[in-house]
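Asker: Going down the list, the protein sequences come from chains A and B.
Throughout the first sequence, residue numbering follows this note's numbering, covering 1 to 259 in sequence.
Throughout the second sequence, residue numbering follows this note's numbering, covering 1 to 190 in sequence.
There's no promise every hint is true.
[Stated by the list, open to error] Below, computed lysine-lysine pairings styled on DSSO-like, alpha-carbon distance capped at 30 Å:
1. LYS179/B x LYS38/A
2. LYS68/B x LYS38/A
3. LYS179/B x LYS142/B
4. LYS68/B x LYS179/B
5. LYS38/A x LYS142/B
6. LYS170/B x LYS142/B
7. LYS38/A x LYS170/B
These aren't lab readings, by the way, just hints derived from the structure by calculation.
Quick caveat: nothing in here was measured; it's all calculated off a predicted structure.
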Amino acid sequence: MNCLQVRELLPELAVGVLSPEDQRAVEQHLQWCAGCRKEANELGSAAASFAFALAPAPVPSGLAEHVVARVRNASGAPGSRRRMHTAVASIIAAMVAVSGLGWGAVMAGRADRFAERARQAQLSKELALEQFQKVLAGAPVLGDQVPTSDTHLGQLAPTSGTRIGGGAVLQLVSPTTLDFSIVIVNGLDPTDAGALPYHVTLSNAAGAVLRAGVITALDNDGGANVFHQFNLDLTGYTTVEVTNARGELVLRGTVDQTS
Amino acid sequence: MHTRADGPLLVREEQQLVEGLLAGNEDAVRMLYTRYARPIFTLGLRLLGSAEAAEELTQDVFLAAWRKAARFDPTRGRLSTWLMTIAHNLAVDRLRRETGVTRPTLVLVDEVPEVVGTDEEESMIERDTALRALESLSDAEKRLLVRAYFGGLTAREIAETDGIPLGTVKTRLRTALIKVRRANQDKEPM
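The following block holds chain A by itself, in its conformation from the complex (with noise of 0.2 Å):
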């Protein structure tokens, strides 16, 4: 879709009576295109505040503490799994912002029709940071103490037989909890089953070579997430390839275990 033909779908997207197919088509178009969204973002805005207007129905007792339990029961006690995962995602916010983690050229080898998209770089670091966050919440608990200065970024980069997609690493080398690693990959062609499963691997100097996972399935990005926990130390595995089912090399790339 267009911007033309996006703009004249956002009013009733705005007021929530799109088809879930053209939403779909609309709302990829807005990840990537700042105009449309902030238009979709006034016009939502100001959908949402129509509600405001109905007079205020009386609302059942009990229903607080069924909320409070919900979100306490999905957040966890302190020292939680929620607790800790929120701690690191903070950390990947910030590390993302100030590292210079270099997504735009990340995203720039991707084929043409991504270009577009590429030069968004800002929004993609944000929605890597949601990407983070969501296998973070699938995590398994890992300890109650967040490893603030054990976790490690990465970016991963097409090789030149492919051209096409990123990613990025993250890796946890502590020496208090289990290591792991989650490596986010994005662009790699959603249409070439051909490609999947994807492997994903973890290397160090010495050519030894640890799985750290298996795609299986992309979404309509070329995207998918891995997460994979270790039983043994994780430094000085720093090299992350991404190889598809033919055998060839798509993504590569380093952490940098010394930041």
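Chain B: place on chain A using the hints.
Answerer: Chain B alone, transformed into the frame defined by chain A:
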């Protein structure tokens, strides 16, 4: 949590509340509930048609807000509209999933009785703003927004019912939303 219990929230206070929500802070959840549960429940009641469904929706909205809290950006819009957008989207999704559900009865927003609460000043201010914004619309524009937002009618359905071109309906819908937006802009906190 140092957020005030009443009065409109400043942008930094909204951010503070959302950060508290993200961290699972119970005080933050209760503060948000006090301010926004009623309009969320009301919207659920109108769209879904039963108190049970509206209760479930209200719980789902706060849970979804917790999940999405990291993405809330106070510079892009008010916390109230963010929560209400989540509520409306969840309600519409639910209506779509439940095939065969009768569309909710249309609510004439300019004819509903005024009810003033004492513990939800924020939502009362929001209501006042919304009602003022509605005054900027013609009756036809009001009816159009009500049919789409509360009635769930698509632009095509409205066009077919009224016997007018689809493009005209879309244009009118956009114009009405822009008028509401402009009327709201003066009320946004710094």
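Asker: Next step is simple, just say for each hint if it's right about the structure.
Answerer: Hint check:
no. : hint                : in the structure
1   : LYS179/B x LYS38/A  : holds (16 Å)
2   : LYS68/B x LYS38/A   : holds (19 Å)
3   : LYS179/B x LYS142/B : holds (11 Å)
4   : LYS68/B x LYS179/B  : holds (29 Å)
5   : LYS38/A x LYS142/B  : holds (24 Å)
6   : LYS170/B x LYS142/B : holds (14 Å)
7   : LYS38/A x LYS170/B  : holds (18 Å)
Going through the hint list in order, the structure satisfies each hint without exception.
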